[in-house]
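S.K.: Chain by chain, the residues:
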Amino acid sequence: MAKLATAGVPVLSKGAVELDAAAMTVTELNERVREIAAAGSDVRIVNPAARHHLVIGVMDPVTIEIDGTAGYFAASLCDGPDVHITGSAGWSLGDNLMQGQIVVEKNAGAFAGPGIRGGTIVVKGTAGNRLGQVMKGGAIIVGGNSGFLTGNMLINGTIVVLGNAGPSCGEHIVAGTIYVGGKIASLGADAVEAEFTDDDLALVAARVAPYAFELPGAMRKIVSAGRLHHYKVKEY
Amino acid sequence: MCGIAGIMYKKGPGPLGRDLLDMLDAIKHRGLDSTGVAVYQHRGNGHAGALMMTVGLEPGADARAAQVAVSGVLEDLGVASHFTAVKGTILEFGVAPTDALRILSDRVEALPGVQEILSLGEELQVIKDLGTASDIDRLYEIAKVESSHGIGHVRLATESCVDRSRAHPFWAYSFKDVAIVHNGQLTNYHNLRRKFQALGYRFRTDNDSELIAVYTAHYLAAGEDLQDILERSRGDLDGSYTFLVSSPHGLGYAKDALGAKPLVEIETDDVVLLASEEVALRRIIPDEGISVVEPAPSEVKTWRN
Numbered sequence: 391m392a393k394l395a396t397a398g399v400p401v402l403s404k405g406a407v408e409l410d411a412a413a414m415t416v417t418e419l420n421e422r423v424r425e426i427a428a429a430g431s432d433v434r435i436v437n438p439a440a441r442h443h444l445v446i447g448v449m450d451p452v453t454i455e456i457d458g459t460a461g462y463f464a465a466s467l468c469d470g471p472d473v474h475i476t477g478s479a480g481w482s483l484g485d486n487l488m489q490g491q492i493v494v495e496k497n498a499g500a501f502a503g504p505g506i507r508g509g510t511i512v513v514k515g516t517a518g519n520r521l522g523q524v525m526k527g528g529a530i531i532v533g534g535n536s537g538f539l540t541g542n543m544l545i546n547g548t549i550v551v552l553g554n555a556g557p558s559c560g561e562h563i564v565a566g567t568i569y570v571g572g573k574i575a576s577l578g579a580d581a582v583e584a585e586f587t588d589d590d591l592a593l594v595a596a597r598v599a600p601y602a603f604e605l606p607g608a609m610r611k612i613v614s615a616g617r618l619h620h621y622k623v624k625e626y
Numbered sequence: 275m276c277g278i279a280g281i282m283y284k285k286g287p288g289p290l291g292r293d294l295l296d297m298l299d300a301i302k303h304r305g306l307d308s309t310g311v312a313v314y315q316h317r318g319n320g321h322a323g324a325l326m327m328t329v330g331l332e333p334g335a336d337a338r339a340a341q342v343a344v345s346g347v348l349e350d351l352g353v354a355s356h357f358t359a360v361k362g363t364i365l366e367f368g369v370a371p372t373d374a375l376r377i378l379s380d381r382v383e384a385l386p387g388v389q390e391i392l393s394l395g396e397e398l399q400v401i402k403d404l405g406t407a408s409d410i411d412r413l414y415e416i417a418k419v420e421s422s423h424g425i426g427h428v429r430l431a432t433e434s435c436v437d438r439s440r441a442h443p444f445w446a447y448s449f450k451d452v453a454i455v456h457n458g459q460l461t462n463y464h465n466l467r468r469k470f471q472a473l474g475y476r477f478r479t480d481n482d483s484e485l486i487a488v489y490t491a492h493y494l495a496a497g498e499d500l501q502d503i504l505e506r507s508r509g510d511l512d513g514s515y516t517f518l519v520s521s522p523h524g525l526g527y528a529k530d531a532l533g534a535k536p537l538v539e540i541e542t543d544d545v546v547l548l549a550s551e552e553v554a555l556r557r558i559i560p561d562e563g564i565s566v567v568e569p570a571p572s573e574v575k576t577w578r579n
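Protein chains in written order, with the working numbering: chain S, 391 to 626; chain F, 275 to 579.
The hints are simulated quantities; they were obtained by calculation from the structure and are not laboratory data.
Treat the hints with caution; some may be incorrect.
[Unchecked claim] In silico EDC-like pairs for lysine to aspartate or glutamate, Cα to Cα no more than 16 Å straight-line:
no., chain 1, residue 1, chain 2, residue 2
1, F, Lys284, F, Glu539
2, S, Lys496, F, Asp561
3, S, Lys496, F, Glu562
4, F, Lys575, F, Glu505
5, F, Lys575, F, Glu541
Only chain F is shown next, with the shape it has when bound in the complex (with noise of 0.2 Å):
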């Protein structure tokens, strides 16, 4: 069991770390392994194209060493770099535009200290780690996010160990600003996993959400829209689950054919909430008189923002 989340505020960016991490705590009894978000926030600075890099560090790690290390690979590859700093055991590093998204992740990975890039776009930070949303809130400040869209994740891991690399949100590694959550189980994994690992895919867990990642890049990176990709999915993905799937340019939804696994949503002229349960939901919208739809089995849905 884990529980999934996501905001779209309609009218341009709402208070969206607050509102996350308040509907993730509301459904933490789903899963106190880890928690994470992935948000969207135009973070060029005045660089058009930029890139945020989001690297998690191992437990223990130098943090100074880490931010070291990567800027030598950036000035190595000749990506520069606007900024950079430390959050806890996470880097971050404001980056110019490059084509070359793998071989700098493949590079910033293989460094000493480096667990992984949690995140990389022009738009997605993934902040993740062990622990409930007031943990990860204490050492990352995500209720003061403020952006349009995102979604959340509390995880009770069964098929894959408890380890940051395992929690959500995952993105798909080297391409940018696509992430997923997911409750459930995909049946058919390896068989996907195998076929996308064909195609020069890298799978850096054995979870199988981080295929939904993948999956959905892939289709995006072949020019179908976020909608198309989720009809896609509901022949393509076997199992029981539910997944939010997120890019700069909205979110959305998937429900398996068996309806197993929960998902409600509030959609008003305001804001689409999007969450396992309504009691997240009630966290931000308590107003009865406003209404809860619990979509039917197989059922798929966008927004754009």
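If we strip away everything but chain S, and leave its shape as in the complex, we get (with noise of 0.2 Å):
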């Protein structure tokens, strides 16, 4: 992993390649953007512009600075980079993120995370609706608010929401944890409350370390009751 500075930002090296957006199609940009990584070298995007499918397939852990706003699908299907966005990115962040993190300055729209195996995934403002659906692993940290549908079946994993969640949170959760620091609007089907612990208590305080993130004063623990999904093969 990457060095991090304080608030838990993964830093470009000095030899970090920069790529202008702007002036490349997205399909060339993510070409060079390999070709770089699988060279062992961090790399730096300028003039993002919201454009979608920025940094997908990546492979390697080298880190990737988005300086701006991603569009859909940032920094998708990729399995071991850091990849920095200081703006806020669309729909469906990291999707089926295997290893690595990805560290959003700003906010993230509908379906962050969904379907990861592995990794991190860190929005420092909001996240929308549908965070974390389908995730398999690893974990995402949001620090503000997230919306409809959080953790919307949810198979395995951690989310942790500092903020408020919003309404049918953990809906047809199938295992994994969901952890809110601040109001819950309601309980999705299958979802019901647990004991926070101080085992949680330690497990979300070291997730959020690294990203100078403050603990709420209490937070509550959503997990699956069980009922409605019953899968004798799990292959998380």
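Make the complex out of the two chains shown on their own, each in a separate frame, by following the hints.
M.R.: Printed below as a string of structure tokens:
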């Protein structure tokens, strides 16, 4: 993992290669990013202008900075890089992340972290609807509030929302844990509240510590009641 | 999947055509089948209450013959025509105010070569056709339009066929000056369509988006304002949708309870920008210091000009 600054921001190495998103197609940009990453260098992308599909399919543990706001599916299908987005991200941030981390300085749209299997996604602002939908591992941390259907069909992993969670939190949750620091508008089907223990506190504290978040005075823990889903074979 | 966009300049007319097309171009990946805009301009040309009637022609129709035929209908109904023009496959008529909008609409749409009336209003003009934003601009010179507000749409056909009739924006047939664009599906479309047909409304397509235009026009005609209608729609319209609605007095949006269709907005002291995706907003306001807001499920909002 890249060296972290005090607020959890991956730091680019001095030899980082700068790419201007305004000067090439998204396909060309992603091909260049993958080539540079495969050679072991960090990448800084300027002028993203909320374009979609920036930083897709990067499989190497380098640091990539998107200087501005990214559109849909930013940093998706990745396995290893540390991605820092200095603005916001659109829908489906970090889709299917396997390893590495994604840090968003502002907000993320709906479906942040869908189906991730590992790594960490950090949204310092708010996250939209369906945060962590069908996620299978890893962690998502949101500094602000999350929207409707937080942890929808969560299969495994950890979601930490330090602010409020919207309606139907944990809808059809199968396994995994959702921690909420603020109010929960309502619980979803098969979601129940469990005791927030000292072990939970230690786990959440360790998760958020690198990102300089302050922990709320109290947190709530949402898990599956196990009434609706009964998988004999678990792939996670 | 479709893409929607809306603009309102708060301090008077702005480069509406250019900006709307730019936003629609930015989200053309959401739908390459057809593109359309609804713009609002005072078009009286010295004729108080004058109406703009925009008529779409069938592919291959003789524009001059259709123009003569429409003029004949106007003359027959005693409705004075102040000007007429041909743009691509669209006819424009500036006509005197009339209460016989339904009769006029029915008569014009029955003419050979006429596909449909695209819009009718004191300020509204809908221009739509197959293709992308740049395609329709080449035909209709939309980028030249300077105006206060308008909405636009790029369509990926899902539930009805690809043709101009099913392109957006929709106006509420024979109700002047109301237009809508929509991204999504209405699951209670058939029930509501039957209800409004029973009230005498005519539906010209099998596209569920047309229902939203009729729905809006119905309650506007009953004296409700746009905000009230959008709030009412949350209980009446079922499905997964985001839509924009516009009238001469403003525009607004409604999002469904599922929040499954996107919308983002920027509002400054000068302008309101609405679009399916931020990439469209950033074509107009690249400065990321100006924040983008993503409305919550079930949220509705209106702006008056």
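S.K.: None of the hints should be skipped; say for each whether it holds.
M.R.: Going down the list of hints, with the structure as the test:
1. Lys284/F <-> Glu539/F: Roughly 15 Å separates the two Cα atoms, so the pair holds.
2. Lys496/S <-> Asp561/F: 14 Å, holds
3. Lys496/S <-> Glu562/F: Holds. Lys496/S to Glu562/F sits at ~11 Å (cutoff 16 Å).
4. Lys575/F <-> Glu505/F: Holds, at about 9 Å.
5. Lys575/F <-> Glu541/F: The hint holds at about 12 Å.
The structure is consistent with each of the numbered hints, conforming to all of them.
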